[in-house]
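Asks: Please arrange chain B on chain A, whose structure you already have, making use of the hints.
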Amino acid sequence: MTRLLLLLATVAGGAACGGSYVPPSAPATGQPAAPLGRAFDLTVRLPFLELPEVPARGATLAVELEVDGVGDGRHGVTVRYDKAQAGGQQFDVLDLSGGDAELVENDGAWLIARLGPVQVAGTAFEYRLEGTTGPGGWVVAGSSRESQTGGEGTFNGSRRHRFAVACTDYASGGQVVLLEWREGGGLTVRDQVTEASSDPRLRLTRDALFVINGFSYDNLQRLDPAEEFATAWQAGTGPGSNPRDVALIESAKAYLSRYEPPFDDLLVIDPRGGARRGSIPLGPLAANPDGTPRPDEIAPVGDTVFVALQDIDRTFTRYGEGKLAVIDPRTDRVVGSVPLPGKNPVALRPLTGRDGRERIYVALAGIYPGLLPQELSGGVAVVDAGSRAFERWALDDDDAGGNVGGLELAGERLGYALVTDAAYVSRVVAFDPERAELRREVLRTPEYVGGIELDGGGVLAVAEASFFTPRVCLWRIPADPAGEETPLGCAAMPLPPVALEPLD
Amino acid sequence: MHRLCLALAALIAPGALAATGPPSPAGESPASSSSAGPPAAAAASAATTPDPDGSAASTLTEEVLVRARAPRPEDAAFATVVPADDLARRGADLSDLLRRVPGARVASYGGIGQFATVSLRGSTAEQVTLLIDGVPQNRALGGPVDLSTIPASQVAEVAVYRGFAPTALGLDGLGGAIDVRTRRPVDEVSSVAVDLVAGSLATARAAAGWGLPFADGSGGMRLALEAFRSDGDFVYLDTAGTIYEPSDDQQRTRANNDSSSFALQFQGVLDRVAGGALTFGLRGRTGEGGVPGPDSLPSETARLDEDAANLALGWTRGGWELAADGFGERTLFDDPDADLGVRRSQETRIGGAGLGAAWRGRAGAHHLLVRADARWERARVTDDALALPDRGGGTRTALSIAAEDALTLGRWTVAPALRWKGRDDRFVAGADGLLPPPATSGDDAWLDGKLAVAYAVGAADALRASAGRFSRDPSLVELFGDRGAVVGNPRLEPETGLKAELGYALGERDWGGWRLAGELVAFGSRIDDMILLWPNAQGVVVPRNIASAQLYGLEGSLALRVPGDLVFEAAGTLLRSQDTSGGFADGNPLPGRPGQEGFLAARWSPGRWQVGWELTYVGENSTDPLDQPRYRIPARTLNDAMLSCAVGRGFRVGLEVRNLFDVETRDVLRFPLPGRMVFASLSWAPGEGR
Chain A
64 MTRLLLLLAT
74 VAGGAACGGS
84 YVPPSAPATG
94 QPAAPLGRAF
104 DLTVRLPFLE
114 LPEVPARGAT
124 LAVELEVDGV
134 GDGRHGVTVR
144 YDKAQAGGQQ
154 FDVLDLSGGD
164 AELVENDGAW
174 LIARLGPVQV
184 AGTAFEYRLE
194 GTTGPGGWVV
204 AGSSRESQTG
214 GEGTFNGSRR
224 HRFAVACTDY
234 ASGGQVVLLE
244 WREGGGLTVR
254 DQVTEASSDP
264 RLRLTRDALF
274 VINGFSYDNL
284 QRLDPAEEFA
294 TAWQAGTGPG
304 SNPRDVALIE
314 SAKAYLSRYE
324 PPFDDLLVID
334 PRGGARRGSI
344 PLGPLAANPD
354 GTPRPDEIAP
364 VGDTVFVALQ
374 DIDRTFTRYG
384 EGKLAVIDPR
394 TDRVVGSVPL
404 PGKNPVALRP
414 LTGRDGRERI
424 YVALAGIYPG
434 LLPQELSGGV
444 AVVDAGSRAF
454 ERWALDDDDA
464 GGNVGGLELA
474 GERLGYALVT
484 DAAYVSRVVA
494 FDPERAELRR
504 EVLRTPEYVG
514 GIELDGGGVL
524 AVAEASFFTP
534 RVCLWRIPAD
544 PAGEETPLGC
554 AAMPLPPVAL
564 EPLD
Chain B
39 MHRLCLALAA
49 LIAPGALAAT
59 GPPSPAGESP
69 ASSSSAGPPA
79 AAAASAATTP
89 DPDGSAASTL
99 TEEVLVRARA
109 PRPEDAAFAT
119 VVPADDLARR
129 GADLSDLLRR
139 VPGARVASYG
149 GIGQFATVSL
159 RGSTAEQVTL
169 LIDGVPQNRA
179 LGGPVDLSTI
189 PASQVAEVAV
199 YRGFAPTALG
209 LDGLGGAIDV
219 RTRRPVDEVS
229 SVAVDLVAGS
239 LATARAAAGW
249 GLPFADGSGG
259 MRLALEAFRS
269 DGDFVYLDTA
279 GTIYEPSDDQ
289 QRTRANNDSS
299 SFALQFQGVL
309 DRVAGGALTF
319 GLRGRTGEGG
329 VPGPDSLPSE
339 TARLDEDAAN
349 LALGWTRGGW
359 ELAADGFGER
369 TLFDDPDADL
379 GVRRSQETRI
389 GGAGLGAAWR
399 GRAGAHHLLV
409 RADARWERAR
419 VTDDALALPD
429 RGGGTRTALS
439 IAAEDALTLG
449 RWTVAPALRW
459 KGRDDRFVAG
469 ADGLLPPPAT
479 SGDDAWLDGK
489 LAVAYAVGAA
499 DALRASAGRF
509 SRDPSLVELF
519 GDRGAVVGNP
529 RLEPETGLKA
539 ELGYALGERD
549 WGGWRLAGEL
559 VAFGSRIDDM
569 ILLWPNAQGV
579 VVPRNIASAQ
589 LYGLEGSLAL
599 RVPGDLVFEA
609 AGTLLRSQDT
619 SGGFADGNPL
629 PGRPGQEGFL
639 AARWSPGRWQ
649 VGWELTYVGE
659 NSTDPLDQPR
669 YRIPARTLND
679 AMLSCAVGRG
689 FRVGLEVRNL
699 FDVETRDVLR
709 FPLPGRMVFA
719 SLSWAPGEGR
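Protein chains in written order, with the working numbering: chain A, 64 to 567; chain B, 39 to 728.
Chain A on its own, in the form it takes in the complex (with noise of 0.2 angstroms):
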């Protein structure tokens, strides 16, 4: 009888073992986000330059550059370096300045004065780049020189391409990871940057980068690229809110569309920490029974906002025709609305055409098959930001085979759709906007698609949310849009990856 009151007593104390249930929580950096800036990847030749250990003159660096901010202006640089080649020898690069630099970008200039002073072989000295960049700023090369003996020599190097990927288990939880692709260096990735929700989007607004915490999650996220996009801050936008797009209007403000009823709006918030600063409201707008607008895709172009809305009502079974709300940021009201010719807006992609006016690219999906028939009524409009019109169509999605649900533009002669069929099978197509005809098709998959990106360095991102593969795939795109994709590679993801954002 002892041994058992003893068993007992143990017992009663074991009750206390595993405690109560803490919800997931993770810290956040608690500092403002830094702006997004750029990755170089850098080959400096200094063929002058002596080594006491190497017989022959000359050395390479290999220098990989994070440069803060973009476009012209003064910039700080974080610099580090690989090894170093001379002589068929490999050398560690000491950098001696704690390496910081400032870049001036000035029209395709580009001047790094003084980089160093580094020490290889035992030998210090300093130097400096001077270069002008290629299309887009995605190539830089120029004439280097040397503080040890004067000489100059050459540098060449490219922007790095990198995507944040949003991963989801469907489950419990998603994650951020970040995937870089290099010339000559192929594709690499970081799991893990960040925690995300299990219904995760992206969103790069000018240089700040959001995820974007969907339907019964319900959040913001502003990840910090001078963190290792860590999160800076998480905020609600309201139970049951559904967010799905966030645009940087200004320093200080924000537009974020907030998809479902009663919210029915473009949430005004400071992009600075979540604070919410007013509301416009969208409703009006709406044309199917509930009034329900849903709010998706927010573009700034120029002086005016468009906004996709998909007028669906709450059973999602009646479909109002697309249209774009028009906002005038500066009063935060809306000033019109442009109707679009088919159903479901899910994806804007502005555009300057060499006429120099501004278009507005819109893929219309349509109707998937489920709750409904299927329904091809879109594809991809073509609509005037000017006159605030619909102007063509780029491509009827008769003609593509199935609901367009995702759109890239490289130019005025080439895009890429997401096209699905009735069977739920996935492509990938390249097009032609300005005659809307199909080009080729880059991919075909079974698997669930979760979204194409295209980056400004012509490099196409598809993320394959496949069971057994999760990956990203990422081709080159050509030159001439009637010539050929090329395949780049795959990268694994730790989950399947439902939204890609191209960091540039």
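It should be emphasised that the hints constitute simulated quantities derived from the structure, not laboratory data. Be a bit skeptical, because a hint or two may be false.
[Claimed, not checked] Cβ-to-Cβ under 7 angstroms is the rule here; a few derived chain B residues that face chain A:
| id | residue |
| --- | --- |
| 1 | Y282 |
| 2 | P332 |
| 3 | I671 |
No residue lacks a Cβ here, since even glycine has one placed at the ideal position from N, Cα and C.
Replies: Frame of chain A; chain B shown alone:
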């Protein structure tokens, strides 16, 4: 504290208590007894032992081992029979009863009266065949059985076949089988019983039963009623879905978590009909409740309204058993404000009927059992909120034939069993053909089987082993979709599993008045072609046979009765699960399968008093496929305490505190469970003299 936790872990490990006393033969079994194999097979019995004050004995001792009878084919498998005699007097339901069973895992979505499911040995809930009095409750349309729809006061006992369903019940159940046995007229000692329970969260249950055994012993009738309600409005922590922003966390009262139901059951037994015994049962239930949604997205208006009726007939004569049943169910899910995403007013009507025949016979050392079943089910779905309300429907016609031969050779029993099953599915496209599924018909046939071996060790113990291959047919929704978020996949194969178990059943021993019984079982399974709903396009999922898993573990139970009316009960499970799908989660444990679970109970019945303590331990529980520590539900220990007293004239009053230390917890990640709850009960059973 760490040492205490380790001590507790050791205590709940199966077999940990085996050294507490040497076994010796006995004649009385513990409460949740395991069905001992030949020659001592456990069976529920109506026998009770009077308390000193004339009341019934503790329900923990009401089971009696039935000895010296012929072995039954199902004896070779491990099963646990849990009596539910005091369930009607507690603020608990069937979910709580099943937590006592080793290998059983209950997932509750909101506490008493709310949706709850059970799985066995790491299976999915859909893989478990759940029966009420032998009649299957799993529906061809799909989905697991909701335990909260089974009235607690009408349950007499639950037989849990953790590994293999017996042939007598159809040999169905990839994930095992659970037979909920309701109170029968001939079990009733008292003619009238009334149980009232009321307590926290405005929970109240009133149950009444009237049993009338015929005076000439030719059978009897029983009528039972149960009314239940609960507000379910407990307090929980809402993080607003922002794991990086703790400042917006707040304590919130669970809204729209109420439930109410009324259930009726009428049963009869006529022992002299056409030379056999005729049983009939009619059950009806109507229930209504809120659908509260996940923690940070509380639904204010989504409701579920359910009505169901079942009729069952059985006739037994000699070795023959014939059974027929019919059922009708109507479920209305209403979400007028689209709180859970989409406005719905979806009505599902399901009806069906089954016929079964079984024959038991003996030929020398062979104990034969042959059973044939035919079932037909029909489902129809409409949703008045949608632009196209008719969502279609379908039928399934299924036939199965199972045969088992239990061969007794001295101390050995060898029992091979085979089951052939075939089905034919027809679907009717909704909305006048505008919403066709990928196919409108399909059929399949399958062969399942097992081999069970038992060896009698001494007079009371048995060593048993079973191995077999079983399957779960795809549901109608998985095959044909729901014309909404689920697209059908007519090419689906059944989920299949190879399973094995090996264990030792310790028959009850008496050691100087200390009585001990228990079992220890090792089990393992490999499940292939598991059906997973996988996204395929915008807002659409497709069922695919893409997942597989391995599960293995140990489970044990032990019961000890100490002189002085003190009874201890322990059950525990160690489970290891591994995703072997080859997908992104390959190698990780399956979500929702804790590695350790345990149950301890102690009851003391001095005089008219009954004092009880129950402890439920659930180990750390992965909730995401990658098994990230952040998303694990930590280990928890829940304590319940009970006190009751017989006050004379058949009355008994009771007080129960559940979750004594107010541990905030959940079974499913975003669905919180109640904290501490207090219930009071008043029971009246004049026939039992309480």
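Asks: Give a verdict on every hint.
Replies: Tested hints:
Given hint, B/Y282 at the interface with chain A, holds; its Cβ is 4 angstroms from that chain's nearest Cβ, closer than 7 angstroms. Of the supplied interface hints, the one on B/P332 holds, with its beta-carbon coming within about 6 angstroms of a beta-carbon of chain A, less than 7 angstroms. The criterion of a C-beta within 7 angstroms of any C-beta in chain A is met by B/I671, whose closest approach is roughly 6 angstroms, and the hint holds.
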